[in-house]
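> As they're listed, the protein sequences go chains A and B. Position in the first sequence (first residue = 1) + 216 = this note's numbering. Position in the second sequence (first residue = 1) + 216 = this note's numbering.
Some hints here could point you the wrong way.
Copies of one chain are not kept apart here, so a pair can be met inside one copy or by any two copies together.
With a straight-line cut-off of 30 Å between C-alpha atoms, the simulated DSS-like cross-links for lysine-lysine are [said to hold, decoys possible]: (1) Lys636 - Lys732; (2) Lys845 - Lys779; (3) Lys601 - Lys902; (4) Lys720 - Lys879; (5) Lys601 - Lys664; (6) Lys664 - Lys636; (7) Lys651 - Lys902; (8) Lys375 - Lys494; (9) Lys494 - Lys779.
Derived from the structure by calculation, the hints contain no laboratory data.
Below are the chains, spelled out letter by letter.
Protein chains: 2
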Amino acid sequence: MATLSDIGVSAAINCLSAILFLVAFAILRLQPINDRVYFPKWYIKGIRDSPTSSGAFVKKFVNLDVNMYLKFLNWMPAALRMPEPELIEHAGLDSAVYIRIYLLGLEWNDEIAVNFSLKIFFPITLLSFAVLVPVNYTGGNFEAMKTNTTDLTYSDIDKLSISNVAPGSSRLYAHIGMAYVFTFWTCYTLYREYMIVAKMRLHFIAAERRRPDQFTVLVRNVPPDADESVSEHVDHFFCVNHPDHYLLHQVVYNAITLADMVLEKKTLQNWLTYYTNKHERHPNKRPTTKTGFWGLWGRNVDAIDFYREQIETLSKKEEAERERVLNDPNAIMPAAFVSFRSRWGAAVCAQTDQSHNPTKWLTQWAPEPRDVYWDNLAIPYVELKLRRLLMAVALFGLTFCFMVPIAFVQTLANIEGIQKVLPFLKPLIQMGSVKSLIQGYLPGIILKIFLILLPTIIMTMSKIEGFTAHSALETRSAEKYHLFLLVNVFLGSIITGTALQQLKQFMNQSPTEIPKTVGVSIPMKATFFITYVMVDGWSGVAAEILRLVPLIVFHLKNAFLVKTDEDREEAMDAGSLTWSVSEPRIQLYFLLGLVYSTVTPILLPFIVVFFAFAYLVFRHQIINVYCQKYESGATFWPDVHRKIIIGLLISQFLFLGLLNTKKATNATFFLIPLPILTFWFFKVCKGRFESQF
Amino acid sequence: MATLSDIGVSAAINCLSAILFLVAFAILRLQPINDRVYFPKWYIKGIRDSPTSSGAFVKKFVNLDVNMYLKFLNWMPAALRMPEPELIEHAGLDSAVYIRIYLLGLEWNDEIAVNFSLKIFFPITLLSFAVLVPVNYTGGNFEAMKTNTTDLTYSDIDKLSISNVAPGSSRLYAHIGMAYVFTFWTCYTLYREYMIVAKMRLHFIAAERRRPDQFTVLVRNVPPDADESVSEHVDHFFCVNHPDHYLLHQVVYNAITLADMVLEKKTLQNWLTYYTNKHERHPNKRPTTKTGFWGLWGRNVDAIDFYREQIETLSKKEEAERERVLNDPNAIMPAAFVSFRSRWGAAVCAQTDQSHNPTKWLTQWAPEPRDVYWDNLAIPYVELKLRRLLMAVALFGLTFCFMVPIAFVQTLANIEGIQKVLPFLKPLIQMGSVKSLIQGYLPGIILKIFLILLPTIIMTMSKIEGFTAHSALETRSAEKYHLFLLVNVFLGSIITGTALQQLKQFMNQSPTEIPKTVGVSIPMKATFFITYVMVDGWSGVAAEILRLVPLIVFHLKNAFLVKTDEDREEAMDAGSLTWSVSEPRIQLYFLLGLVYSTVTPILLPFIVVFFAFAYLVFRHQIINVYCQKYESGATFWPDVHRKIIIGLLISQFLFLGLLNTKKATNATFFLIPLPILTFWFFKVCKGRFESQF
């Protein structure tokens with residue numbers, strides 16, 4: 217096991233790499249040429265414009281002001297300076313609440329928001345260092361064992377963990393007491409945070425300016441009618457059932473070909489703009505183009521005339537297609553957006569059953585226009601249920617058997633396989649060093665590729681499940697990813713072996729044995745998770761702020777693809793908070809912190825540093841970079857709350873298992889009310905707050 | 217193990233006792249003196265009146281018409297003759313749907329309702345006798361084993377069960393196929409029945425005549441207001457939020473003393489009537505009474521004057537108390553019944569959130585007046601949640617540790633203990649035969665007393681949980697009782713030992729081991745459950761129709777307590793379907809039928825006979841005896857549906873465990889989709905129908 221100095225070295229390396237990333241970021245962000253990569257949000261908001269081209273030509277690309285380099289860390293206070301209400305207005309409630317997860321529970325008060333004590337973990341860290349570390353350190357279990365067995369090796373970190381307390385020792389009551397204190401503190405913080413977020417949400421909703429979707433209800437599964445079109449049917453239904461409030465409706469058309477045409481026209485328009493600009497700059501020379509693919513071959517023609525003509529033809533086609541869609545009854549989907557005269561009318565319609573058959577005339581609040589996922593608006597009830605069933609089975613397979621397909625691909629993709637498919641590589645592969653490189657890294661690379669693809673796979677699964685809004689898709693995917701991380705990263709690291717082997721093991725063990733098996737391994741894995749927090753947490757967050765991939769992509773696009781100003785706008789990929797991926801990761805850190813708070817408190821400072829640093833970085837990103845695709849008004853909060861409680865419960869059960877192996881049966885008895893009370897707290901919070909989200 | 221002839225003897229005894237009960241019933245019901253015991257419903261409905269006193273004096277008490285004795289079984293066709301729509305009108309939807317559980321799935325058609333093929337079990341019985349019994353009988357496992365071990369004893373019943381199929385035999389595929397067929401058949405029937413009941417419910421609700429509670433919403437947790445009384449606060453709140461539909465409201469008063477006074481007045485009034493009647497029969501003699509307790513001692517006074525005076529005094533007190541309650545702000549509970557101008561307005565109010573704090577202004581459909589459980593209308597939110605937590609813990613204790621307090625009482629209540637408390641019994645107890653009787657029967661009697669008290673205990677627990685309607689209390693109690701029967705009767709009979717020991721065993725076994733342990737014992741317990749079905753089912757149902765306890769109680773009351781006609785009305789205890797007890801019992805039979813359908817099909821005919829017989833008896837009782845206390849419109853159906861599905865899932869898991877021990881791993885693999893599909897079916901049904909209830 218690693219010693220304290222090993223951890224120190226690892227920490228130094230990771231700090232160094234994090235600092236390197238930060239320095240690189242500090243330098244790169246000052247270059248005007250990168251301005252659109254590091255401040256896209258301001259461009260998109262129209263507040264910032266391309267750097268003025270007055271002055272030296274070099275200055276347009278490189279910043280020569282030495283003063284600014286000296287203050288290269290000044291983005292940090294800048295990121296903290298914007299008060300929360302302004303942040304909500306600037307970036308939306310989703311983002312503002314998202315970064316609150318890192319803080320979890322600062323006062324609803326701007327002054328205190330500046331000092332970033334993380335409400336849950338900062339006091340827990342202090343307390344466990346004050347109480348548990350001395351208790352563990354003087355436990356003397358290892359020394360006692362050393363007198364019996366000579367070849368026992370243990371490190372300072374082990375001496376700080378619960379492993380150093382002898383089985384059956386009364387010192388364990390300190391740990392139990394702390395488990396209660398930590399749980400109550402976490403619950404108290406969660407309750408207050410839930411209350412604050414609910415208040416913020418209601419305030420946000422009340423302060424919004426009027427939008428059509430606040431008056432609109434999405435109606436799905438409109439039953440077919442022999443005598444009427446969908447539109448007439450919807451109209452009659454709501455005229456009869458909501459006579460006082462119904463205003464109008466808009467049926468949903470299946471207009472995929474039309475959408476393609478619109479996209480094509482936009483490309484053509486872009487080319488036209490490009491050639492017109494070119495012509496304006498050199499008025500004496502008409503630009504030409506070729507008629508073939510990408511203008512690479514074919515007949516030479518006058519470019520402006522050619523594109524103008526193309527656009528005209530397409531416009532006519534588009535018009536015809538539009539007519540067709542509007543008149544073709546098959547193009548009308550059995551779904552509609554129904555608008556009401558008042559928000560009250562819409563609320564009543566969204567919240568009540570419209571038909572005695574609850575699979576027809578399904579109503580829900582219309583997602584805001586950006587948030588609608590159009591593909592899923594017209595799935596019949598039984599098909600929807602069938603999809604859910606299939607995806608539940610698939611999720612089980614993905615989580616517990618995900619190593620199976622990877623192992624299969626890995627066995628196929630060996631040296632011989634590559635030689636067969638790509639024989640011309642044979643001489644290269646036969647070289648000793650290359651061969652060993654491939655054999656050593658190929659399995660790892662395949663695994664890595666799969667892990668990179670994983671969020672996409674999970675999102676596809678959620679799409680198949682048939683949710684109608686992007687926000688719902690993201691929360692659903694986050695749940696799936698959370699399960700995956702829990703089983704394959706957390707449990708998979710503690711109990712080595714694939715998830716399938718774990719599953720087999722768990723199925724053949726008694727329910728009381730499982731927490732014991734896992735619990736016993738927990739203290740031993742502390743150093744691994746400390747390294748994990750540093751690599752994935754510290755360096756990962758620092759890499760996030762550098763935005764290396766968007767930086768490269770932007771410059772590549774700028775060099776080769778950008779033709780007009782609009783293109784430049786589009787090349788600027790602002791990105792957004794990828795909720796479905798980043799939230800489960802935070803949850804993993806919460807879980808680690810809660811599990812290790814009573815077992816190996818030395819892990820806690822690393823978690824605290826992660827949360828503080830991530831808070832800083834993401835606050836900066838939210839202010840300057842990310843552009844959210846939709847605004848859900850923090851509807852995700854109940855999920856965050858639930859998952860933290862799940863983490864709390866897991867930590868309690870594992871601690872129970874660990875104590876059981878410590879021959880502390882009395883102690884175990886004291887701990888049993890803890891999960892019951894935690895679960896009860898969850899139910900109380902659900903009843904108290906959930907309907908506000 | 218019992219042989220077929222043993223079972224035959226047991227069946228003969230039980231049939232005989234059932235027939236004895238029936239004959240006794242047939243004779244007793246014809247006596248005019250018992251008329252009010254066996255036909256109370258008609259009296260309460262005012263359709264039937266006391267037998268005319270014309271004719272011989274004897275005829276008033278004993279029926280001398282020999283012809284009627286000859287047709288002593290004619291109540292059976294009479295019970296079946298009333299068509300279902302008429303039955304609904306006569307006894308309400310709750311009762312009509314209740315007896316449908318016995319039939320589960322007859323056509324919505326009166327002609328077929330007469331032949332009582334029980335939709336689920338009749339075809340299953342036929343099929344398993346056609347397929348599984350031959351397969352099992354020719355399995356030859358016991359004969360093969362007999363050649364190896366000489367002292368193996370087995371009976372004919374064992375030869376008919378799955379035990380007679382050799383491990384790993386391909387005959388097991390027949391059982392797996394049948395498991396699928398039975399599951400699909402059960403699900404299909406359940407789906408159709410759900411649809412029919414939903415239709416009946418909607419039809420019933422639509423056909424009801426207008427009642428005030430259809431326009432009324434129960435509002436609880438009205439927040440206190442410093443400036444306004446509860447009544448004003450409710451008025452203003454609904455005037456503002458439901459201006460178009462709000463009509464009026466009625467706050468709830470805490471008028472316990474007033475209620476006591478009303479009750480006392482009623483008793484006095486009754487005495488007055490009694491003495492007035494007495495005086496009328498003997499006009500020349502004023503009746504007298506004594507002023508003391510129950511008129512047994514004290515001063516002699518004129519009875520009519522005395523009671524008239526008493527009533528007058530009480531009326532004045534009552535008036536004063538009424539004034540006090542109306543004006544005392546502390547007597548007003550934070551709950552109110554709010555009435556609307558339209559059912560639409562009430563529906564909207566009942567189904568939507570009224571406040572952004574979902575623990576205030578809680579709205580729900582008002583239960584019908586008879587159904588309201590007044591004591592629970594004003595429980596604050598956190599207290600309610602706390603009560604639920606405590607009762608969940610108590611339920612766990614009741615189910616799994618219920619033997620602990622009984623064993624404790626049993627050890628206390630031994631001979632020596634009784635001698636100490638009641639020393640005058642000493643000579644009696646010291647007698648040898650009495651002593652052995654006490655020692656032998658006392659533990660059993662204590663257990664029996666506890667089991668008789670159990671429904672009351674469970675109902676008290678439900679009341680503490682804070683439900684506001686009797687119907688909700690009953691469904692909730694039924695759930696608790698169902699759990700109790702499942703653990704302590706079903707599992708407790710299969711795995712001998714107390715529930716606590718079982719729990720310990722289960723906690724220390726792996727999740728895959730549990731179905732195996734239970735599954736293996738199932739075939740061995742078939743004869744026990746056959747006897748159970750006959751004793752508890754057949755004889756129990758026959759005893760139900762005899763109404764021995766109400767018969768005795770009625771005659772005792774009639775002899776000693778009845779003074780006026782009103783008293784006689786009240787002495788006539790019509791009773792009602794005790795949903796909280798009888799529904800879980802039916803579920804136990806469903807569970808037995810489903811579990812044994814693939815294992816020991818010989819049990820099925822006994823179940824079929826039980827269902828058919830119980831249907832007949834309860835149909836008769838519903839028509840002639842029971843008076844339901846409230847009408848919920850079959851809201852209980854989703855619970856019935858859910859519990860049958862739970863039974864189905866249990867049967868599948870146990871069958872899986874049983875097959876596992878039969879070394880049929882391939883076969884097990886085929887069975888895994890079955891519970892998944894069953895659970896999916898449950899989800900589909902829930903989404904499709906539940907919101908109609």
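> Could you run down the list of hints and mark each one as holding or not?
Going through the hints against the structure:
no. : hint            : result
1   : Lys636 - Lys732 : neither (49 Å within a copy, 50 Å between copies)
2   : Lys845 - Lys779 : within (25 Å within a copy, 81 Å between copies)
3   : Lys601 - Lys902 : both (25 Å within a copy, 11 Å between copies)
4   : Lys720 - Lys879 : both (27 Å within a copy, 18 Å between copies)
5   : Lys601 - Lys664 : neither (33 Å within a copy, 47 Å between copies)
6   : Lys664 - Lys636 : within (24 Å within a copy, 80 Å between copies)
7   : Lys651 - Lys902 : neither (57 Å within a copy, 58 Å between copies)
8   : Lys375 - Lys494 : neither (73 Å within a copy, 95 Å between copies)
9   : Lys494 - Lys779 : within (10 Å within a copy, 113 Å between copies)
Consistency note: the structure conflicts with the earlier hints numbered 1, 5, 7, 8.
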